[in-house]
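Colleague: Chain by chain, the residues:
Protein chains: 2
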Amino acid sequence: MGKTFLPNNSATSTWIWYPGDFEIWLSNKMQVRRTEREAVFPPLWKYYSPDPLVTFQTEVDIPEQDEVKIYSEGTFQLLVDGIQIYGLPKSITIPAGKHKISFKVYNQEVLPAIYVEGKYVKSNANWIVTNEDKLWIDETGKAQQSGTPWIPVGSWSFNSPKDKPSEFRLATKPWNAKKIEKIGDGKLIDFGKETFGYIKINGLKGKGNLALYYGESREEALDSEKCETLDYIHFDGNQPKEYTHNKSKAFRYVQVQADATLEYDSISMLHEYLPLEYRGEFKSSDDLLNDIWDVSAYTMHLTSREFFIDGIKRDRWIWSGDAYQSYLMNYYLFFDSPSVERTLIALRGKDPVTAHVNTIMDYSLYWFMGIYDYYLYTGDTSFIKTFYPRMKTLMEFCLGRRNKNGFLEPLEGDWVFIDWADGLAKTGEVSFEQMLLVRSLEAIAVSADIAGENEDQKQYQKLADDLKEKLFDVFWDKEAQVMKHQYIDGDVQDTVTKYANMFGIFFDYFDEVQKQSVKNKVLLNDNIQKITTPYMRFFELEALCALGEQEFVLDEIRDYWGGMLKLGATSFWELYNPSDKGEEHLAMYGRPYGKSLCHAWGASPIYLFGKYYFGVKPISAGYKTYEVKPNLGGLQWIEGKVPTPNGSVDIYCSTKEIKVKSSEGVGILIFKSTTKPLTNSGSITALGEGKYEMKIEPNKGYQITYKAL
Amino acid sequence: MGKTFLPNNSATSTWIWYPGDFEIWLSNKMQVRRTEREAVFPPLWKYYSPDPLVTFQTEVDIPEQDEVKIYSEGTFQLLVDGIQIYGLPKSITIPAGKHKISFKVYNQEVLPAIYVEGKYVKSNANWIVTNEDKLWIDETGKAQQSGTPWIPVGSWSFNSPKDKPSEFRLATKPWNAKKIEKIGDGKLIDFGKETFGYIKINGLKGKGNLALYYGESREEALDSEKCETLDYIHFDGNQPKEYTHNKSKAFRYVQVQADATLEYDSISMLHEYLPLEYRGEFKSSDDLLNDIWDVSAYTMHLTSREFFIDGIKRDRWIWSGDAYQSYLMNYYLFFDSPSVERTLIALRGKDPVTAHVNTIMDYSLYWFMGIYDYYLYTGDTSFIKTFYPRMKTLMEFCLGRRNKNGFLEPLEGDWVFIDWADGLAKTGEVSFEQMLLVRSLEAIAVSADIAGENEDQKQYQKLADDLKEKLFDVFWDKEAQVMKHQYIDGDVQDTVTKYANMFGIFFDYFDEVQKQSVKNKVLLNDNIQKITTPYMRFFELEALCALGEQEFVLDEIRDYWGGMLKLGATSFWELYNPSDKGEEHLAMYGRPYGKSLCHAWGASPIYLFGKYYFGVKPISAGYKTYEVKPNLGGLQWIEGKVPTPNGSVDIYCSTKEIKVKSSEGVGILIFKSTTKPLTNSGSITALGEGKYEMKIEPNKGYQITYKAL
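For the protein sequence lines, the chains are A and B, in the order given. If you count by the UniProt record's numbering, then the first sequence holds residues 1 to 709, one letter each, in order. If you count by the UniProt record's numbering, then the second sequence holds residues 1 to 709, one letter each, in order.
Simulated from the structure, these hints should not be mistaken for laboratory data. From a predicted model like this one, the values you see are computed outputs, not experimental measurements. Some clues are possibly wrong.
Pairs count within a copy or across copies, as identical chains cannot be separated in the list.
Said to hold, decoys possible - Computed cross-link-like contacts, BS3-like style, restricted to lysine-lysine with a CA-CA straight-line distance of at most 27 Å: (1) 656 - 187; (2) 182 - 164; (3) 29 - 162; (4) 350 - 392; (5) 142 - 173; (6) 142 - 426; (7) 617 - 484; (8) 392 - 404; (9) 241 - 581; (10) 193 - 178; (11) 350 - 29; (12) 700 - 661; (13) 90 - 29; (14) 90 - 226; (15) 90 - 247; (16) 530 - 142; (17) 69 - 119; (18) 179 - 672; (19) 247 - 69; (20) 29 - 164; (21) 350 - 385; (22) 695 - 426; (23) 458 - 404; (24) 247 - 624; (25) 205 - 178.
The following block holds chain A by itself, in its conformation from the complex (with noise of 0.2 Å):
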């Protein structure tokens, strides 16, 4: 029996593990496989392990006694009641009414990890765990226990005995070649578009070698010296017929040379992926938005995989700047929750805390913006609840590193990342930084609320407040009415930037009026530095959607992302410059084809259509509700589905009508029209100057005719 990559619903058995534990193992596994060249290469921070020693506890009241199956990722001490069972049994005997079962699992290699099946002990998501069980026994015999650590174990969707993390795999499927060319002795095979997994040779005889040269572009496959990727495999005649390379790549294309000793019938794939339901959807009056969405789901779906990485060519790493866009993408494609769980977790690792995130400043504060996010879309607690002291000790780490006058400035070892931008400025106070860490600490105090932490959240949010004014005081330019980019020394530089005043936009930092100014004056001025990465695109498009600006930003997705399709992208890149030419369009980081050509952050549509065009985002947690906000952006009609924690929201909106149902959640439905609009149900309130508004109760469908302004 396959893995069904669903999450355990707690009825029946799963692995279980200490929380985050597998989510580390795994993320180390899966970065170390970045090669270059044959060249490992693993991440620049510092990687933690899982807790090789752990203690795993239940308590059960059973109606009668259970025959209970025991299975084990590690060599384990089993206590029942307080008693400890001899030998290293696969079963046992739990007697009728309560007890207390302890497993004490030691697993170093991999992690600690029990599955317990019997008709009522089951191990699920109900037990509890500690790294240190401080259970001693005194000279007289007699059992000690106190200031033992428990917490909510860890587990995915691994249900079934012979499913062990440890073996972990993702899906794979066949992939045949789409076209086939000779290159000297060898060949190029295309497979059509860009995909990732192992190359597999069929029908293979003989001995000797053979070199796969990858290519995520037909010039990158060909150029056997400079590709970024390949593998040299050596046959010794023994390698089965039906042969699937161990190693896995991103690529479209790959060139096969092999030594005229060996002997095969074709090349096809296995392509690797992470089974997800496309969720959400979209169409549009216009074809080319909607190739823009399709190519943007795709290459989110190409990047999400054990976790939401960056690319899959390069880096394949876990960066919590490109994963925070991966979150917010996947609630309007997958809304696959796990997913971000695992990422955040990754992300987070252990303590202590000796560096930022990724050792990048404001990939520390991202991390705290996509955990409050994550409650927002999915209503979850129960993350917070169990990783709450680990965003303290984050956050403990990132106040500490303030300077004199409470900012951020880097200290060693502290990369400012911001975005790939020719000089942009990156030493001495950035407002930008400022800004993203009172948002993180708006964050943590909500989430200390949750957790119930009554004295933190009072603290994170006076912090929050205390350094939101001082922003505004040091960094917004009354006259100019903008927000300067840098403070050095105590001198506020005159350099403006699009990033803090972006930012600001749509995390409503400023009033009406000074969003005015910031529209015209950074956002819409061609004076100020141009945003070059979809990274940062994402974010500009947002704060003009925010603005009301969907017309505009509809152009602009024409331009930037139609202008790669243009070009026969099949995934959207890390960089995308309209300016350069032919392979310049492949280079990066110094190298012909350093880019990354199918990069989450690529992707960002999925997200601008459906929270800006549909208008569709949550209000209270969970979508216990949520608004919808119908924007056309000047097309004549869109439609399609958000995906909400149990449901959807449906809609469909054209000039003249607006269709809306929902499966949970009660909704407010916000339009404009020039006529009195009518609905087949439920009652429109009339708010002036056009402006409409409707409560949306779930499984319901609403029909409005009105008049799109």
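Given the structure of chain A, go ahead and fit chain B onto it with the hints provided.
Modeller: Leaving out everything else, chain B in the frame of chain A:
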């Protein structure tokens, strides 16, 4: 080629790792090998893990091109002068001149380690390592690096490529049965004395089950229902004829019961041990004492293994209080520095500190004291320099657990051990714990100075001074002139125990008047609760020796340790109560064979004889200066050696003659004589009242004739 166990000398290559990580990995493996009747019994405290991803680096300046072979535990990324070398090379050519070589190694399962061997480029203790290299590439392809916490690598004695850290094994040698007895259908094998290792079955044939019931005593091995350790082995007929069992145990006896379908010729064992040279020696005119020293040395050797453990049957764990005594005994027997280092590291683990060492308050404090002694006896500063940050985080943990009075008082999860003693008060503020904290603060102040942390040195010394003053203010009874035991809610309790009083003696915290009062009113007072563990007898007898009561102490040793020998002990026990009868001696923790009959803390005569009868101890670090103050304690003569870092102090002392020869440092011989002493070399200074001293230069034989008091 087998392992040599000789520390690397830096002139040749050796396997290197992140400091402490091998020790943590090995201690995890070792401590989980404890079993009780086939049940795994892991420690009750938190396990740490090696860092799975570390970067090793060296800078070389070589006169000619060097062919360098690379051996690695784990995959690696190799950079030479910042340039990534493609592939995963097995060797590399380094050109003549200056070069920076970095290996980033990933190993999740064991620990990252490398061995690099060229003519000039060799991996050794001079390399540095980091667990977060923070080496990133900006968008232009330029490498950036800052904030990397480089520290010196760890190494031990893995001096050949094949001798991998992951394959570490202690040495073994065959050991034959001394006596065989028929027990029902089976046999009882007596190996003659306490031993440790693997049972061998010679000439084994057939299929079936075989049971091994181990016993440190005959009674235990015969009691298949209650013996503490056993192994059930199933043979399918495919086992080797000469079968060595794969689980190690401690025993003198083993009862073997096999199915009739199994045949074998004989049972022997493979003794497993750490090869150590007995550098200390002791002989005297009293054969009982000679036997006691020999059995102490054997006990000490059996418990000196991968680490200094408490007992070889049970717990096979590393306990800081027990280890503290092993360090001290080691300085008078093996003087094996790597064993002390390994044990200190294993006890400390990594950060964060979330509980006391072994969860015991006093055991955190012994850890600091152990480091101070290590420095004093060996003169080594590199250990402190490398591990000072971990000293600091543990001390901050301890200081963070003081109450409002500034005293240590147990918080939830803090186990106060002190000693196994009936009804011993351990709640509230106990003087003993405060005294250990003062000593620990003194130890870390010295260490801070060595580590170059001058501000820390001042701060810790002040904390030590202030706490010492407070200790005396609160606990010293000015009227009774004794140290009280306990302080609860502002009231000193009317309890006096030996603990703080005896430690105050050899810590030299009392003045002469106080010492005499403590001696008479506490140490020699029969109304004060008696000490029954060899553990605290160690310190009690040390205090009496420090007060000059060598003759009294010898009688105690003859009685107590001699008492165990009379009962047939071949190694010394965890606990000995002279009033117990028969099998009562074997019981503990409510189990009939719960007591460990080979326990490190039973070996203290080694330490007492060396330090207080030979009277040899370092005065300044590493025996640069030392004292020799022989004391016959009523014996006719004593003769032997006390090891020093690079040699020994050889001494003979009778009532008429003292002979001293040493290999290093400058000693002061101190003795008393009723006649004017004469020497063959050097010059004797009279100090008055029959007391004399004389300087001992290295490598000269001194022969003094005198007349003992």
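Colleague: Provide an ascending list of the numbers of those earlier hints which the structure does not satisfy.
Modeller: Hints 1, 2, 5, 7, 9, 18, 22 and 24 are the ones this structure does not satisfy, whereas the remaining hints hold.
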